[in-house]
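S.K.: Below, each chain spelled out in residue letters.
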Amino acid sequence: MYIIGENIHIISEKVKAALSEKDTKFFQDLAVRQVEAGAQALDLNLGPRKKDWGEVFPWIVKTIEAVVDVPLSIDTTNVEGMEAALKTISKAQPILNSASAEPERLEKVPLLAKKYNARLIALTMGESGIPVGADQRVNIALEKLIPRALEVDLPIKDLLIDPLVLTVSGCQQYCPELIEAVRTLQYAWDPPPSISVGLSNVSNAVPRENRPLINRTYCAMLMGAGLKMMIADPFDAELKEVIRVIETRDENTSLGRLYLKLHDRIAAMEHLTPEDVNMTDAQQVSIWKTVQILRNQVIYADSYLQQEAA
Amino acid sequence: MPVEIPKDTWAGQVRTITLGATAAEGGTRSHTVTIGGQKSLPFMHFEHEAPYPPLVALEIKDRRPDDWSALLLERWGDVVNAPGDWAKAAEAAGAELIVLALSLTDANGEPTRPEAAVAATKAVLASTGLPLIVWGPGQAEADNELLVPVAEATKGERIAIGLCEDKNYRTLVATAMANNHLVIARSPMDVNLAKQLNILISDMGLPLDRILMDPTTGALGYGIEYGYSVMERLRLAALQGDGMTQLPMIVTPGYEAWKTKESKVGAGMPDAWGSWEERAITWETITAMTLIESGADIVVLRHPESVRRVQTAIKDLNSVREMA
Chain A
1 MYIIGENIHI ISEKVKAALS EKDTKFFQDL AVRQVEAGAQ ALDLNLGPRK KDWGEVFPWI
61 VKTIEAVVDV PLSIDTTNVE GMEAALKTIS KAQPILNSAS AEPERLEKVP LLAKKYNARL
121 IALTMGESGI PVGADQRVNI ALEKLIPRAL EVDLPIKDLL IDPLVLTVSG CQQYCPELIE
181 AVRTLQYAWD PPPSISVGLS NVSNAVPREN RPLINRTYCA MLMGAGLKMM IADPFDAELK
241 EVIRVIETRD ENTSLGRLYL KLHDRIAAME HLTPEDVNMT DAQQVSIWKT VQILRNQVIY
301 ADSYLQQEAA
Chain B
1001 MPVEIPKDTW AGQVRTITLG ATAAEGGTRS HTVTIGGQKS LPFMHFEHEA PYPPLVALEI
1061 KDRRPDDWSA LLLERWGDVV NAPGDWAKAA EAAGAELIVL ALSLTDANGE PTRPEAAVAA
1121 TKAVLASTGL PLIVWGPGQA EADNELLVPV AEATKGERIA IGLCEDKNYR TLVATAMANN
1181 HLVIARSPMD VNLAKQLNIL ISDMGLPLDR ILMDPTTGAL GYGIEYGYSV MERLRLAALQ
1241 GDGMTQLPMI VTPGYEAWKT KESKVGAGMP DAWGSWEERA ITWETITAMT LIESGADIVV
1301 LRHPESVRRV QTAIKDLNSV REMA
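Which chain is which? The protein sequence lines are A and B, in order. Taking this note's numbering, the leading residue of the first sequence gets 1, the next gets one more, and so forth. Taking this note's numbering, the leading residue of the second sequence gets 1001, the next gets one more, and so forth.
It cannot be assumed that every hint is accurate.
[Unchecked claim] Derived lysine to any residue pairs resembling SDA-like cross-links, with alpha carbons at most 20 Å apart:
hint, chain 1, residue 1, chain 2, residue 2
1, B, K1259, B, R1064
2, B, K1167, A, Q297
3, B, K1167, A, D302
4, B, K1167, A, S303
5, B, K1039, A, D302
6, A, K22, A, E65
7, B, K1264, B, P1065
[As the list claims (entries may be wrong)] Selected chain A positions facing chain B (in silico; Cβ < 7 Å):
hint, residue
8, Q28
9, N296
10, I299
11, Y300
12, A301
13, D302
14, L305
15, Q307
Note that these hints are calculated values from the structure, not bench results. Don't be surprised by glycine CBs; every beta carbon is placed ideally from N, CA and C.
Based on the provided sequences and hints, a complete structural model is requested.
M.R.: Below, the structure is given as structure tokens:
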């Protein structure tokens, strides 16, 4: 699993405060720690910076590149800011996050990716928003995103399709469809584009204590569908443990065997069954309940773990 | 060519809930009413016959509601000045349940006193044998202050009290548990929040067969499709076996319909809008019927003619099976 570290994000109050003080040490420390924790690239989301983009984007690139060598993902809707960052990059091939099928972003961002030899994350989102169905999302990739990459002569190997993870708290019907979109996109083109998602979005607006369980359960399911790259939290040790268990097929613990079973069921286009789960083991029951909400079989509620297993 | 109607078989069932208690059961009601128990979507008799039809409740107030439409005040006449008389008139108009809505303030503009709320509730219980629902004024502090003494003074009647909301449910649930009443759990048109509130309330120890859910709705033309979708989703989840959504639903089409412009405003409307009263009654009736089609078990109305029309429609829909 290729993890793009998500932690330099303006939604964090600490990041916001550090940015307003141009706290070089804070950002360098956060970058180094993410890479040490296993991040193979770093996402940099400081918002659109409508007023000070000309200063902030080059500054953050220089600050981070001074301490790490990994690719940087320039995560903003500000196209001018993106270009300012790209001009400053001196190390690894960067990632642009993101284009979409909305006309303006589809027009401009791929051109930048081509011009600066960047990889490009392209969202399966059109003018009318994000479709629920997996097929419609795949169609956006096939009809808009891939043709545009071909049109600007961007190598398909540099195209990363993001079929968009939405939160189980409020957009529950999207969750199972995303798994199928990930599965189908791998067969959408020859050679296939890479696929990347923002994993933690699945637990947006979920109480903090339940977020990691939902994230890692969804991760196991998505790996079953073939996911190999994601923007995620490299500090989440339990998430990384699930990834390790699946990648090394470590069957030494009962919990590990359950995550493997979940992964294998999805890979075989099946679903986890009650017989796969030790219902006397509280941790396994929690995973079972989480699978049920992620499959949209049981309606999500903040206290879903307190409800008796169906 | 013979047509085969496809049939769904559902794993789940809506809970059966009884409101009111007779003397033998520790209350004073002449009879009880029961809702729920469905194993299919509304009026799908050919899949599974619903054991109980939806019920129509009439909303009355503890004092003359000056903010109500003149059409309603005129139709009800003097009874609006005395909740006991109003309840009796509502029963005569065909109501199967009475909803007593307590006001925030009394006729002098002072906060409604708990004794006055208890007196109004007792007057209603004395004048009708129908089971009762009591709503607080809709502000957390006032709701708790008025509904706790009402619940205590009517112990054992199996009244449904409300509205419990996510920010204010503990006090009401506790008093319902202590006094053998039911509660109404109101959530803001959101399936996740509706389910969450049911979990929180049942976690306090109130059995699920004493909780009604009010998922909130909008009137025809004012967001009813959102309310409809939420109710439909909750009911489908219930039928699929999700225990925390298997509660009967109560909604308030009367309250919603009578705040629309179409119902409120009589003068200065285009001729094509027709008779004001007919329009208002139609608005309330169509709103109620739409919500019944999406799974409502109790609709709370305000106008007697709407009650008659909705009851006729329910009867007609239920009688289709006799033709089949």
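S.K.: Could you work out which earlier hints the structure fails to respect and list their numbers in ascending sequence?
M.R.: 2, 5, 8, 9, 14
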